[in-house]
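Participant: Those sequence lines, one after another, are chains A and B. Here the first sequence stands for residues 133 to 244, numbered as in this note's numbering. Here the second sequence stands for residues 270 to 382, numbered as in this note's numbering.
Just so you know, these hints were derived from the structure itself, not from any lab. You may find that some hints are simply not true.
To be verified - Here are some chain A residues pointing at chain B (derived, C-beta under 10 Å):
| # | residue |
| --- | --- |
| 1 | GLY161 |
| 2 | SER164 |
| 3 | TYR168 |
| 4 | ALA185 |
| 5 | LYS188 |
| 6 | PHE221 |
| 7 | ASN226 |
| 8 | PHE234 |
| 9 | GLY235 |
| 10 | THR236 |
| 11 | VAL242 |
We put the beta carbon where it would ideally sit given N, CA and C, even for glycine.
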Amino acid sequence: GNSVTQMEGPVTLSEEAFLTINCTYTATGYPSLFWYVQYPGEGLQLLLKATKADDKGSNKGFEATYRKETTSFHLEKGSVQVSDSAVYFCAPSNYNTDKLIFGTGTRLQVFP
Amino acid sequence: NAGVTQTPKFQVLKTGQSMTLQCAQDMNHNSMYWYRQDPGMGLRLIYYSASEGTTDKGEVPNGYNVSRLNKREFSLRLESAAPSQTSVYFCASRRGTQQDTQYFGPGTRLTVL
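Using the sequences and the hints given, assemble the complete structure.
Facilitator: What follows is the structure in structure tokens.
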């Protein structure tokens, strides 16, 4: 069945460090790919998305590229801030249904 | 636009009690979802509704029922609460295609004693 694997957290970084959070998935067809972010005490909100191969999604300095050949959608940011501390979820969309497939999430902690 | 709203924000129940979690969206979305979030488990889909008048089971439907009251509202009912249902519950909605963004409510934190 369809699934997604994210790197285990927590990821602990100093402010201005480079961030990568790996995400790989298995899915039939050509799913759309999403990164959601959850700040403490809040619901999930969309960070970025890509809907076809080689598309790059970007928002708030974060980027991720839809890599069909490696079935990956790794999240990157060149210089993290303390305010980026949150849990990040990679979520491919099931091609045949209305459902998203969520990973377990990766907690990011950024220290000054 | 309020987006997706959920009530209540917090609830404490005793084992065996029943309750209904309410969810409403004002974005004219076709699809609506109920998830639960537990530590280390990510989000797990309980039930979803692809359109008004239809509902389908997700990964973890046991112990829950849902009602798609109209296009705006999708409620989740616990008929006889158990401690294993202690969790944070999120409602979400989506316009309807697999390219569309899913929008989440703020969540309901439920504790069953």
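Participant: Does the nearest C-beta of chain B fall within a distance shorter than 10 Å of the C-beta of A/TYR168?
Facilitator: holds, 8 Å
Participant: Is the interface hint for A/ALA185 satisfied, with its Cβ closer than 10 Å to some Cβ of chain B?
Facilitator: Since chain B brings no Cβ nearer than about 13 Å to A/ALA185, farther than 10 Å, the hint is violated.
Participant: A/PHE221 was flagged as interface toward chain B. Is the shortest Cβ-Cβ separation under 10 Å?
Facilitator: holds, 7 Å
Participant: Does the nearest C-beta of chain B fall within a distance shorter than 10 Å of the C-beta of A/VAL242?
Facilitator: Constraint on A/VAL242 not satisfied, violated at 21 Å.
Participant: Quick check on A/SER164 please, does its C-beta sit within 10 Å of some C-beta on chain B?
Facilitator: It holds, given that the least Cβ distance between A/SER164 and chain B is near 5 Å, below 10 Å.
Participant: Is the interface hint for A/LYS188 satisfied, with its Cβ closer than 10 Å to some Cβ of chain B?
Facilitator: violated, 16 Å
Participant: Please check whether A/GLY161 passes as an interface residue: C-beta within 10 Å of a C-beta belonging to chain B.
Facilitator: This interface hint holds because 9 Å falls under the 10 Å limit.
Participant: Would the hint on A/ASN226 stand, with a C-beta cut-off of 10 Å toward chain B?
Facilitator: holds, 7 Å
Participant: For the hint on A/THR236, just tell me whether its beta-carbon gets within less than 10 Å of chain B.
Facilitator: holds, 4 Å
Participant: Given a cut of 10 Å on the nearest C-beta pair, is the interface hint for A/PHE234 held or broken against chain B?
Facilitator: Hint holds; A/PHE234 Cβ to chain B Cβ min 4 Å, cut 10 Å.
Participant: Closer than 10 Å between Cβ atoms is the bar; does A/GLY235 clear it against chain B? Give me holds or violated.
Facilitator: holds, 6 Å
When each numbered hint is compared with the structure, violations occur for hints 4, 5 and 11.
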